[in-house]
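Q: Going line by line, the protein sequences match chains B and Z.
Under my numbering, read the first sequence as residues 1 to 297, first letter to last.
Under my numbering, read the second sequence as residues 1 to 297, first letter to last.
In case anyone wonders, no lab produced these hints; they're calculated from the structure.
Treat the hints with care, as some may be off.
To be verified - For lysine to any residue, the following SDA-like pairs were computed, each having C-alpha atoms within a straight-line distance of at most 25 Å: (1) K36/B - A177/Z; (2) K186/B - A177/Z; (3) K36/B - R56/B.
Unchecked claim - Label-pair restraints from in silico Cβ distances: (4) D251/B - D131/Z: 55 to 63 Å; (5) D251/B - P185/Z: 26 to 34 Å; (6) G40/Z - Q95/B: 50 to 58 Å; (7) D41/B - A97/Z: 49 to 57 Å; (8) E13/B - T2/Z: 52 to 60 Å; (9) G202/B - P185/Z: 24 to 32 Å; (10) T160/B - D131/Z: 47 to 55 Å; (11) A29/Z - E286/B: 48 to 56 Å; (12) V1/B - E33/Z: 36 to 44 Å; (13) Q95/Z - G199/B: 37 to 45 Å; (14) A244/B - K36/Z: 47 to 55 Å; (15) R223/Z - G130/B: 39 to 47 Å; (16) D131/Z - G130/B: 49 to 57 Å.
To be verified - Quick partial rundown of chain Z residues pointing at chain B, CB under 10 Å, derived from the structure: (17) G105; (18) G147; (19) L168; (20) S277; (21) A281.
All residues carry an ideal CB built from backbone N, CA and C; glycine is no exception.
There are 2 protein chains.
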Amino acid sequence: VTPFADRLAALVEERRSQICLGLDPFPGALLPEAVKVAEGDDPAERAASAVRVHCRLLIERAGPHCVAVKPQLACFERLGAPGWQALRDTIATAQAAGLLAIADGKRGDVPVTAAAYAQALAGHTPTPWGDVPGLGADAFTANPLLGGDALEPFLDAAATAGAGVFILVRTSNPGAADLQDMPSPKVPLHEELAQLVAGRAGRLAGECGLSGAGAVVGATEPRHLARLRKLMPSSIFLIPGVGAQGGRPEDLGAAFASEPRHPAAAIVAASRSIAASPDPAAAAEELRNAVWRASNA
Amino acid sequence: VTPFADRLAALVEERRSQICLGLDPFPGALLPEAVKVAEGDDPAERAASAVRVHCRLLIERAGPHCVAVKPQLACFERLGAPGWQALRDTIATAQAAGLLAIADGKRGDVPVTAAAYAQALAGHTPTPWGDVPGLGADAFTANPLLGGDALEPFLDAAATAGAGVFILVRTSNPGAADLQDMPSPKVPLHEELAQLVAGRAGRLAGECGLSGAGAVVGATEPRHLARLRKLMPSSIFLIPGVGAQGGRPEDLGAAFASEPRHPAAAIVAASRSIAASPDPAAAAEELRNAVWRASNA
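Looking at chain B on its own, in the form it has when it is part of the complex (with noise of 0.2 Å):
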C-alpha cells in the first residue's frame, strides 16, 4: 500500500492546495437545496439523507480546491444510524471525487480498544459471517491522552492500510491552555505530546520524506508552530481553526518549514468559513490561494 503522507503529497502537489474541507454539517442549517430533497420515515432518517445531499454538494462544490475532506464524527453520530450510514457514504463520495477521507473521531482508549476504534476507522472486523469493512478513512485523528501504548494499535492499523493519524498536540480551542500549555515539568505539555509523535513518525514515513503519524495544531496560537515543526520536523500537520475560529493563513508559514521541505507538510481544515459561504467554490479557492502563498511552495 502507499503509506498516506506519499498519496497526500502527491495530491497537494497536483492540486496546489493544502485545503481540508471540514464537513461539520448541522442539522438546521444545511444548504437549502439538501433540505428540499430530504426522505425517509422519521426525523433521524430525513436529516441523515439532508446532511448527506449537503456533504455532496459542498464536495462537488469546494472540493476540487481541495486535497482532502475532514468529517466530524459527532455530527453524524448525533443522528444514530441514519447517520452513520451517511458518514459512510459521505467518505465514499469523497474517495470518488478524488479527495482523501481524515475521519475526525479524536478517538483514544486503552489498546484492546483503540484496536476496535481502528478497525471502526481505517481497518476491517474479522466476524464468523465475514469480514465487516470499517469506515475506509484515509486517515484519523487521535486523542493521546492514554499514552503510548494506546497510541500503538492507530499506529498498526494505519500501517496496514495505508492510512494517517493525528494525534492531538494543541488544539484550538481557548481552553486547549489549561492542559496542554501547562508545564510538565520543563516544556509545555503540548511539546511532550509532540515528542510522543515525533518517536513514532517513522512508523509511517512515505518516500516523500513526510511522515503520517501527523499532529493536529491549531492555527489559533500560531506561535507555537515553528517550536512543534522543530520538534515534530517530517510529521504532516493538521491544522484546524482557520477562519470561524479567528486562525489566519498568513501566520502559518512556520508550519510548513519542515525538513524535508514539503508543500504537503500541513494542511489546513475549514468548515464554517466553506460551508456558510454564500459561494462555497469560491470561498475554498480563496483559502486555498492564501494558505499556497503562506506555504511558499
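Since the structure of chain B is already known, use the hints to place chain Z on it.
A: Relative to chain B, chain Z alone:
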C-alpha cells in the same frame, strides 16, 4: 429530573452492588446462543444482530447483580450503522432491566463539537424534521485533554438530562503513566485532572451528597486511589481494570472514602471477567460481594 448521582445511590443501596457490567462485544467471542440466531443480509447486520442478543443475554444473566452497564462504543461502531442500532437497543434493554447505562466513548473535542457529542450521547438534536433522540445514556465517559471549556457542553447536557459524566483522570492501561503520571510541574497530571473534575462537582451534585461529575480511575494502580479520593471527595468513581487487567476488588477500599461516605461513591466495571466466564451470573455475583465488602458499606 433526578440527578444521576441520586439515581445511582438509590440503586446501589437497593441492590447492594457497585458493579458495572462492561459490554465490549467481540464478534469472534460471542455467546454461542447469540451466534446461532444471527440474522441479516450481510456480515455487518448478522454480527450486529448477534451482538445485540449477546448483550441481552449477559444483561439477563449478570444484570441482576449489577447497577449499570457500560457499552464500549468502539465495539459497536466497528459494525457500522447496524452496530450503532445494536448499541441503542442494548442501552434500552439495560434500562428496561432497571440498570443505568454508561456510554463509554471517551469523547472529547472543541466546545461546538463536544456539544454535538453530548447530543448524541445524552441529549437530542433539533432538526427541521423534528428532534432526533440520542442514545439516551444515563452517563458517559469524557476525555479532558482539550481543557475546561471543552468539558462545559458535556456538563450542561448532563445537567439537563439528569446524566453523569465520568472524566478520565487516571486510566487503567500501562501507558497511562506516560502523560497522566507526569509531573506538571508540582503534581502529576492526573492530580491536575482531578482538580479540574473537583471544581465541577457542584454542577451535577445529587441530594445524596455525591456528584455525577465523576472520574474514571483505574484499579490497576490502587496507590492513587486515596489521594484522588481526597482531591475529589464527592465525585463518583468509575473504576475499570479489575479482573483481566489485574486490578483486585480488595484494593479498592480507598475509593469509597468519599465525603459524605456512601456505597455509591464508586462503581466497578468488569467486562471480560464476567462475559467470558462459563457462568456470567456467578462471576458477577462473586465480584459484587467482593466489592461490597471492600466498600465497608
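Q: So, against the hints stated earlier in the document, which numbers end up violated here?
A: Numbers 1, 4, 6, 7, 10, 16, 20, 21 - these are the hints that the structure violates, sorted from lowest upward.
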